[in-house]
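Trainee: Chain by chain, the residues run as shown.
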Amino acid sequence: MPPGTLATAGPPLLVSFPFDPVYVRSIIGVSLYVSVLAVVLSTAVSLPIAVAMGFSEFPGRRFLAAIITTGMGFPSVVVGLVVLFAVSNQGPLGAFNLVFTREAMIMSQFVLATPPITAISMAAISGVSPDIRDAARVLGGTRVDVALVTIKEARYGIATAILAGFGRAISEVGSVLIVGGNITGPDGVSKTRTLTTAIQLEARQGRYETAMILGAVLVLLVLLVNAIVVRIGDEGVMRG
Amino acid sequence: MTIQRRAFLATIGGGALTAVAGCSSITGEERPQPGVAGETLTLTTTTSTYDTGLLDALNAPFQELYGVAVDAVAQGTGAALETARNGDSDVVMVHARSLEDEFMRGGYGINRRDLMFNDFVIVGPADDPAGIEGMSSATEAFATIAEEGSTFVSRGDNSGTHTKELIIWAEAGVAPGGDWYQETGQGMGEVLNIANEQGGYTLSDRGTYLSQRSEIDLVILVQGPIEGGPELLANPYGILAVNPAVHPNVNYDLAMAYIGYITSPEGQEVIEGYRANGEQLFFPRALSEDPNFQQYVPEGWSSDAPES
Chain A
1 MPPGTLATAG PPLLVSFPFD PVYVRSIIGV SLYVSVLAVV LSTAVSLPIA
51 VAMGFSEFPG RRFLAAIITT GMGFPSVVVG LVVLFAVSNQ GPLGAFNLVF
101 TREAMIMSQF VLATPPITAI SMAAISGVSP DIRDAARVLG GTRVDVALVT
151 IKEARYGIAT AILAGFGRAI SEVGSVLIVG GNITGPDGVS KTRTLTTAIQ
201 LEARQGRYET AMILGAVLVL LVLLVNAIVV RIGDEGVMRG
Chain B
1001 MTIQRRAFLA TIGGGALTAV AGCSSITGEE RPQPGVAGET LTLTTTTSTY
1051 DTGLLDALNA PFQELYGVAV DAVAQGTGAA LETARNGDSD VVMVHARSLE
1101 DEFMRGGYGI NRRDLMFNDF VIVGPADDPA GIEGMSSATE AFATIAEEGS
1151 TFVSRGDNSG THTKELIIWA EAGVAPGGDW YQETGQGMGE VLNIANEQGG
1201 YTLSDRGTYL SQRSEIDLVI LVQGPIEGGP ELLANPYGIL AVNPAVHPNV
1251 NYDLAMAYIG YITSPEGQEV IEGYRANGEQ LFFPRALSED PNFQQYVPEG
1301 WSSDAPES
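Residue numbers (our numbering), protein chains in the order written: chain A, 1 to 240; chain B, 1001 to 1308.
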């Protein structure tokens, strides 16, 4: 897999750069840790909102939906600056010492991933036929039951939403660079360096080849996660 | 290579621990583990110290010696000082004396030390369309580039190098602007790449240029003072601790331990011995038998004169 690929492709290209498997594994680890956790949190927040908004009509719903879809296009650097302001020693969360930590990176990824997950889930849920909801209700389902049936019906759309959110989080470079600081600790183990910021670092130093290798690792990783999510979705279909 | 480095570090660390342990048995005051062990020092610095690999070489022995982690964040000089101004880093290593002075005058930075120096060089394509090769004056070279309208790639990011570039333009009496002048807002390495691709000129610190020379075709056209060029192209680095009275959350003890280490004979030796592509990139400057009071205060400051 990725580290092995690098070990074979590495030596001829890299002379002075310590491109050892520990380093690469640790940046993959940080990338996954930050993005997956952010997407899990985003999903936990997004789904109830999407269900509530997909189900009901209320004043201001359209306006709210417009805000959420606008958030999908929010520049990550701006999100990074806002989160940095919040967690900075001078900011409202300054007491928690979150600057240049993974937690701050999760916060900014959460802000970035939530709009696409909410918006796409909402579209999927709105697309579920009202008959199914009515049927669930007639059969004596509580509101939660009805919501669960709807989520089940819309699962493909929701899976797409989660993947879109994950894609945005793991491929994002601006905000994690600002709030994370692109730090590697002693012995070349990443603290807040992700695949994307590592790519940026390589490119900054003109080492385009190594940057491309890391880019390939990133693509492989996203492909792998997508395959896993699709697989889970298919198994769900077979069971249901 | 890594394994060798580890073995090397283990040797150093082991030696240090033994030394410390030895102290404790004699004086009974020192503990075998320093009181700062396990803590994290946040260092904001410039891309040049980071990208050349110097920081890794400097920080590894320090981390082993004290059992701490150094979180080095590579930003431009301006951004590094701004992060420190907000109390988000403990120590700053930068190279723009005017910005350092401003930082000190604001009360944010204390215990400034001269650390090391290298110099800036003016680099450009080998065919040198503006014809500045071998000029002994940086201002003359800049003025010629402007006159010829040759492409010049500027950092444009409030970094130490950008600050120096603006000083040279000002001294050359040129207000840079126009099609030939490109502000990129990028780090030194990126700017070298851009200048390389566009066949343009740029001002680079020698360290970053040397460490990247094998990747690019740009050549040095005007030398800095290390190779006999004008003094204007000198590039001194300073290190400052963030004032704990302004930001009580900063790790002042560890910041001072770091400054102590890096300006000590051991730290200065690491700087002296550091090579990239077989060349020395930085020259130590902290050790001096003669007093150097100006390093602690804003340039030109005197207790006799009223603070300007």
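It is possible that part of the hints are untrue.
[Stated by the list, open to error] Partner residues are not named here, just some residues of chain B that face chain A (Cβ under 8 Å, in silico):
hint : residue
1    : Ala1057
2    : Ala1072
3    : Gly1107
4    : Asn1193
These are calculated hints, taken from the structure and not from any lab test.
Glycine residues also receive a C-beta, built at the ideal position from the N, C-alpha and C atoms.
Trainee: Hints the structure violates: just list their numbers, smallest first.
Mentor: 1, 3
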